[in-house]
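**Student:** So the protein sequences, as listed, match chains S and D. What the first sequence shows, in the working numbering, is residues 1 to 211, in sequence order. What the second sequence shows, in the working numbering, is residues 1 to 256, in sequence order.
Just to be clear, a hint being listed does not mean it is correct.
Label pairs and their in silico Cβ distance ranges [said to hold, decoys possible]:
#: 1; chain 1: D; residue 1: E135; chain 2: S; residue 2: F151; range: 25 to 31 Å
#: 2; chain 1: S; residue 1: C113; chain 2: D; residue 2: V18; range: 47 to 53 Å
#: 3; chain 1: S; residue 1: A111; chain 2: D; residue 2: I238; range: 48 to 54 Å
#: 4; chain 1: S; residue 1: I67; chain 2: D; residue 2: K49; range: 41 to 47 Å
#: 5; chain 1: S; residue 1: N137; chain 2: D; residue 2: V175; range: 19 to 25 Å
#: 6; chain 1: D; residue 1: V15; chain 2: S; residue 2: I118; range: 44 to 50 Å
#: 7; chain 1: D; residue 1: V18; chain 2: S; residue 2: I16; range: 15 to 21 Å
#: 8; chain 1: D; residue 1: A148; chain 2: S; residue 2: P11; range: 34 to 40 Å
SDA-like cross-link-like pairs, simulated, lysine to any residue; straight-line CA separation at most 20 Å [to be verified]:
#: 9; chain 1: S; residue 1: K3; chain 2: D; residue 2: M108
#: 10; chain 1: S; residue 1: K3; chain 2: D; residue 2: E107
#: 11; chain 1: D; residue 1: K229; chain 2: D; residue 2: M13
#: 12; chain 1: D; residue 1: K127; chain 2: D; residue 2: R94
#: 13; chain 1: S; residue 1: K110; chain 2: D; residue 2: M13
#: 14; chain 1: S; residue 1: K71; chain 2: D; residue 2: G118
#: 15; chain 1: D; residue 1: K229; chain 2: S; residue 2: I196
#: 16; chain 1: D; residue 1: K229; chain 2: D; residue 2: V12
#: 17; chain 1: D; residue 1: K127; chain 2: S; residue 2: W74
#: 18; chain 1: D; residue 1: K229; chain 2: D; residue 2: E34
#: 19; chain 1: D; residue 1: K252; chain 2: D; residue 2: S236
#: 20; chain 1: D; residue 1: K229; chain 2: D; residue 2: S247
#: 21; chain 1: D; residue 1: K229; chain 2: S; residue 2: M178
#: 22; chain 1: D; residue 1: K127; chain 2: S; residue 2: I59
#: 23; chain 1: S; residue 1: K110; chain 2: S; residue 2: M178
#: 24; chain 1: S; residue 1: K71; chain 2: S; residue 2: I81
#: 25; chain 1: D; residue 1: K4; chain 2: S; residue 2: I30
#: 26; chain 1: D; residue 1: K49; chain 2: D; residue 2: L122
One side only, chain S facing chain D, incomplete, derived with CB under 8 Å [to be verified]:
#: 27; residue: F125
#: 28; residue: R131
#: 29; residue: T132
#: 30; residue: V142
#: 31; residue: L173
#: 32; residue: N175
#: 33; residue: M178
#: 34; residue: I186
#: 35; residue: V193
#: 36; residue: V194
#: 37; residue: I196
#: 38; residue: T197
#: 39; residue: Y203
I should point out that these hints are in silico values taken from the structure, not numbers from a laboratory. Glycine is no exception: its CB is placed at the ideal position from the N, C-alpha and C atoms.
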Amino acid sequence: MSKVLYRDIMPYLLFIICFIPTLFSYYFNIPLLSKLTYELRGWSTLIGVTAMFLGLCNIIIYNYRTIKERKAGWQFGVYTIVLVFSWIIAGLYFGGLASPAYQQMYIYIKAQCWSAQIGLLTFFFVSAAFRTFRAKNLQALVLLIFAFIPFIGLAPWGEQIWPGWPAFSSWILDNVAMAGSRAIVIAASVGLVVMITRIVLRYEKGGLVRG
Amino acid sequence: MFIKGRVVDFVVMVVLFVATWISIYLAHRGKTREIRSIPSLTAVTEGVKRAAEMGRPVFMSAGFGGVGSATTMAGFAMLDVVASECARLEVPLRTTFASSETLGAAEMIVAEAFRREGRPDLYQPGKQVIYFSGEQYAWVAGIGGLMARERPACAVYMGTFFSEALYFGECGARVGALQIGGTTAQLALPLLAMTMDYLMIGEEIYAVAATITKDPVQMGSVTAQDIGKIILYAISVIGVILMLAGSDIVVKLMNT
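Construct the entire structure; sequences and hints are all you get.
**Tutor:** Here it is in structure tokens:
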């Protein structure tokens, strides 16, 4: 019984307690509901911060064990632990996130790694685009044409080819493309409401049940 | 009492809620209707069979969203289907999530699917559900590496995606995987459309489980979705016609 209570009923009750006030505060102007929702959001932030702290402990314990047992890739564990503490120290003791030390670390380490990663991935993006825009069939040809028009229209030199190009490109994006995308958004939103209803009615459990 | 501009929203939400409830109730009593088959969904079964024949794994990703995202929930439904097929045909499964909070649920779904198919011995905690990073492009690079190393025969993407959809499509194409994608994200939809072999557009991803499993809950949900779409599209069409006739009554109604 306690197992069912802990794994099944408790997560559902918590979900309902948080869901109902939040949902109704969106539609109704009731001060008590608004206050409750505000409190719940505060709790949500607190839970997030606690989870982050647990995550930090987990990272340190996991990497400590990897290093101690000399598991494959233990060197990365050393790197991770050194970086974690460097960032914490830089954030806490050198004047916070806006401090020059923290900013320098961000610009010269994190941003550089991120750029390098994006640079590597860009090759894949380019080859994917090339693969896509080979007009193998009629659908690919239509896609190619409708991608080409806004592409030229948005380019600074598009207007030099034909003055009406930017306006034509905007018309396609604002009317043809927009109509299609609105239909998809409406249908997807309906699907979302139906899925939430299934969760509320306990037909869908998904992430609410513990393994 | 109502916040201005949200009355119609509330009414539509209540109508959808009631329609879902009634449709599921009727479906449980056998009052369901035929659902057109979505080629992408039958392709999932074909893809897993292809992987079994080629002796290669199946890759599945439910995207970048957390457990609070409905598209991730739809991804979980697909994971359940893919994991069941993999267990039945003894095909290695690899799945990744960018959000750490989804890992527990994903492990549970995979374990349950393998147990249900009578193959709990094939479930390997931490090996089938893999975590790379919560950082978008680190996660993306991790998946690229995984695909290059393991060369999956079938790759299924269903959930919240952004620009990485194009990258995944390219990685899958390079290893010759049969690729099936679905999302509600407007940014990623054209990218998936360009790179996938099969595509599920918008709300089709919410009908996944219904079409494959014929479960009454899912079948009822699809009926409710159709009711909702008919109502909303009817309001749109009537609004356009009235606007052309010079009346903005629907616009005013929406703003009440």
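**Student:** Does each hint hold? Answer for all of them.
**Tutor:** A quick look at each hint next to the structure:
Distance hint check: the CB atoms of E135(D) and F151(S) are about 30 Å apart, consistent with the given range 25 to 31 Å. Taking the beta carbon of each, C113(S) and V18(D) are about 52 Å apart, inside 47 to 53 Å as hinted. In this structure, A111(S) and I238(D) meet the distance hint of 48 to 54 Å, their C-beta atoms being roughly 52 Å apart. The hinted window of 41 to 47 Å between I67(S) and K49(D) holds, with their beta carbons roughly 43 Å apart.
Distance hint for N137(S) and V175(D): a CB-CB separation of about 23 Å, consistent with the stated range 19 to 25 Å. Separated by about 45 Å at the C-beta atoms, V15(D) and I118(S) satisfy the suggested range of 44 to 50 Å. The supplied range of 15 to 21 Å is met by V18(D) and I16(S), whose beta-carbon atoms lie about 18 Å from each other. A hinted range of 34 to 40 Å for the beta carbons of A148(D) and P11(S) is consistent with their spacing of about 38 Å.
For a cut-off of 20 Å, the pair hint linking K3(S) to M108(D) stands: about 16 Å separates their Cα positions. The straight-line distance between the Cα atoms of K3(S) and E107(D) is roughly 19 Å, inside the 20 Å bound, and the hint therefore holds. Between K229(D) and M13(D) the CA atoms are separated by roughly 12 Å; this keeps the pair inside 20 Å, and the hint holds. For the given pair, K127(D) sits about 7 Å from R94(D) by alpha-carbon distance, which is consistent with the 20 Å threshold.
Taken as a hint, the K110(S) and M13(D) pair is broken in the structure, with Cα atoms around 44 Å apart against an allowance of 20 Å. A threshold of 20 Å between alpha carbons decides the hint, and for K71(S) with G118(D) the separation of about 33 Å lies outside it, so the pair is violated. With a CA separation close to 16 Å, the supplied pair K229(D) and I196(S) stays within the 20 Å bound. Only pairs whose Cα atoms come within 20 Å are accepted, and K229(D) paired with V12(D) is accepted, the gap being roughly 11 Å.
With a CA separation close to 19 Å, the supplied pair K127(D) and W74(S) stays within the 20 Å bound. A C-alpha spacing of about 17 Å is found between K229(D) and E34(D), which places the hinted pair at or below 20 Å, so the restraint holds. Pair hint K252(D) plus S236(D) holds up; C-alpha atoms about 13 Å apart against a cutoff of 20 Å. A C-alpha spacing of about 23 Å is found between K229(D) and S247(D), which places the hinted pair above 20 Å, so the restraint is violated.
As the CA atoms of K229(D) and M178(S) are separated by approximately 18 Å, the hinted pair is consistent with the 20 Å bound. For the hint linking K127(D) to I59(S), the alpha-carbon distance of about 19 Å falls within 20 Å, and the restraint holds. For the hint linking K110(S) to M178(S), the alpha-carbon distance of about 37 Å lies beyond 20 Å, and the restraint is violated. Under the criterion of a C-alpha separation no larger than 20 Å, the hint pairing K71(S) with I81(S) is consistent with the structure, at around 15 Å.
In summary, the hint linking K4(D) to I30(S) is supported, as the alpha carbons are separated by about 13 Å, within the 20 Å threshold. Restraint check for K49(D) and L122(D): satisfied, since their Cα atoms lie roughly 17 Å apart, inside the 20 Å limit. Residue-level restraint check for F125(S) holds (minimum Cβ-Cβ distance to chain D is 6 Å; threshold 8 Å). Here the hint on R131(S) is kept, as its CB sits about 6 Å from the closest CB of chain D, short of 8 Å.
Proximity of T132(S) to chain D holds as hinted, the smallest CB-CB distance being about 4 Å (cut-off 8 Å). Residue-level restraint check for V142(S) is violated (minimum Cβ-Cβ distance to chain D is 11 Å; threshold 8 Å). Because the smallest distance between the Cβ of L173(S) and any Cβ of chain D comes to about 12 Å, over 8 Å, the interface hint for this residue is violated. Of the supplied interface hints, the one on N175(S) is violated, with its beta-carbon coming no nearer than about 13 Å to a beta-carbon of chain D, more than 8 Å.
Checking M178(S) against chain D: minimum C-beta separation of about 10 Å lies over 8 Å; hint violated. Contact between I186(S) and chain D, as hinted, is supported at the beta carbon level, the nearest pair being about 5 Å apart and thus within 8 Å. Interface hint at V193(S): satisfied, since its Cβ lies 5 Å from the closest Cβ of chain D, which is below the 8 Å cut-off. At its closest, the beta carbon of V194(S) sits 5 Å from a beta carbon of chain D; the interface hint therefore holds under the 8 Å criterion.
For I196(S), the interface hint holds, since its Cβ comes within 8 Å of a Cβ in chain D; the closest pair sits about 7 Å apart. Given hint, T197(S) at the interface with chain D, holds; its Cβ is 4 Å from that chain's nearest Cβ, closer than 8 Å. Interface restraint check for Y203(S): the shortest CB-CB distance to chain D comes to about 4 Å, inside 8 Å, so the restraint holds.
In summary, the structure is inconsistent with hints 13, 14, 20, 23, 30, 31, 32, 33 from the numbered list given earlier, while agreeing with the others.
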